[in-house]
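What follows is each chain in one-letter form.
Protein chains: 2
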Amino acid sequence: MAVLTNPRSDRVKSVRALGRRSVRERTQRFLVEGPQGVREAVRHAAGRVVDVYVTPEAAQRYPEIIETAQEASRYVHEVSDEVLAAMSETDTPQGIVAVVAIAEPTLAEILARRPKLLVVLTNVRDPGNAGTVIRGADAAGADAVIVSTNSVDVLSPKVVRSTAGSTFHIPVVTGLDIPEIIAELRGAGIRLLAADGSATRTIDEADLSSAHAWVMGNEAWGLEPEVRDACDEVLKVPIHGLAESLNLAMAATICLYASARVQRG
Amino acid sequence: MAVLTNPRSDRVKSVRALGRRSVRERTQRFLVEGPQGVREAVRHAAGRVVDVYVTPEAAQRYPEIIETAQEASRYVHEVSDEVLAAMSETDTPQGIVAVVAIAEPTLAEILARRPKLLVVLTNVRDPGNAGTVIRGADAAGADAVIVSTNSVDVLSPKVVRSTAGSTFHIPVVTGLDIPEIIAELRGAGIRLLAADGSATRTIDEADLSSAHAWVMGNEAWGLEPEVRDACDEVLKVPIHGLAESLNLAMAATICLYASARVQRG
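First to last, the protein sequences are chains A and B.
If you count the first sequence from 1, you need to add 928 to reach this note's numbering.
If you count the second sequence from 1, you need to add 928 to reach this note's numbering.
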């Protein structure tokens, strides 16, 4: 296999350009960096993997990723360290990246599967938080994550990295604003639980057995009043010590695990 | 008040030097960056605040922090933006930092208070993880965090930032290695619960009503076998989806909240 060595080639530039939202939207592709993300991509979304780029060293270190990609007839290209560094925005892509086709489900598709546990993010701006919520939702066995249009792009390299592969495990719906999301979920009979530090009732006092969605707001200022008011209940994670709050990803994961414990018995 | 304007002064250098562990150990002082950390320092550890450095703009924005510091007879110094930037290792210290005296309790002091809920970190290397565990332990109302000598220094600026002020809310014990910690906790009748993804039983199946400590290992490779074997039980946070794991801070916080729910009924 010929090794790609020119970090200024058009191919390298087009991979690097996937760091920009406009390019992702136009090409309907996104970038996955590092062995964990690429492994989960070839395992769970092999048909969508367009290209895998790997240094000779990383190819030796992760033979099962390369094998799985090749079995699925995906294009695996060996590249120099310099080319890989030029493709990626991280300092440590650990020798492997993949370009993957975007395939987001619609909310209607998710609702047709009669979900029991969802999480809605609105106004979430921090990539690490959004990615960690997706990872936590995956671990808690939630049915999908729904991210409103005023939030960070969940296919940005930083969010994808923070999901630790969960991007390929759990459906993530985007493209709707929060009033549309609320209307659709309500129409499907899904209870809306606003997670908000200002609540008087705690998550342990709520009925979490029927289908519901946790609605989480901005990292710093929480949910907008009109969103909170549109929900069926407002609940908080109890704070027993002197901490002002938990971070968003932590609060979301605790809410989702409280639901899983009740729903899965 | 005279404004300090020389970013190359000895005072500035001595503040900046607190980014180094050796200097913190020699001077028994550490650096707190940003309004949230400094606010909690002057609220909960006023007697230990040595100096507060603030830009004129930040002094206007956070008058209650300055007032609380001055009421406690702490030294508040106005500094130029350039001086503040030279004191801090972050790009965005938000105009305010404080130098605070170290006052870590001993494990014997903590045990004398008959704690019911503790968390032990061993081999934890990532500052963000360690800080977020301290924040989560504070929120869950744990009695203390115990960090073994082979872990990250919990008074490094990065850890302190990640605690979001919880450094000043919950006792953090350091300076003991993991065999000493295990022996002391066992001697005090505290059950040791190893949190480990390899466990067969989940945290929901354990008895969390009596006094116990969650023992958490390294971010990547978990607990060392001899530490796991030395614990009374090995338990895992259940993973319901396809995620390989939760990150350390998330797992610790879920464990601690499971305990709080049982202990606080």
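Take the hints with a grain of salt, since some may be wrong.
If several chains are the same, the list does not tell them apart, and a pair holds so long as it fits within one copy or across any two.
Said to hold, decoys possible - With a straight-line cut-off of 30 Å between C-alpha atoms, the simulated DSSO-like cross-links for lysine-lysine are:
id	residue 1	residue 2
1	K941	K1164
2	K1086	K1164
3	K1044	K941
4	K1044	K1086
Hint data in this document are derived by calculation from the structure and do not stem from the laboratory.
Check K1086 against K1164 for me: Cα-Cα at most 30 Å, and say if that holds within a copy, between copies, both or neither. both (28 Å within a copy, 28 Å between copies)
Intra- versus inter-subunit Cα pairing at 30 Å for K1044 with K1086: within (29 Å within a copy, 39 Å between copies)
Classify it for me, K1044 with K941: is the Cα-Cα distance of at most 30 Å met within a copy, between copies, both or neither? neither (43 Å within a copy, 56 Å between copies)
Since the copies are identical, ignore which copy is meant and state whether K941 and K1164 lie within 30 Å (CA to CA) inside a copy, between copies, both or neither. neither (46 Å within a copy, 44 Å between copies)
Consistency with the previously given hints fails for numbers 1, 3, ordered from lowest to highest.
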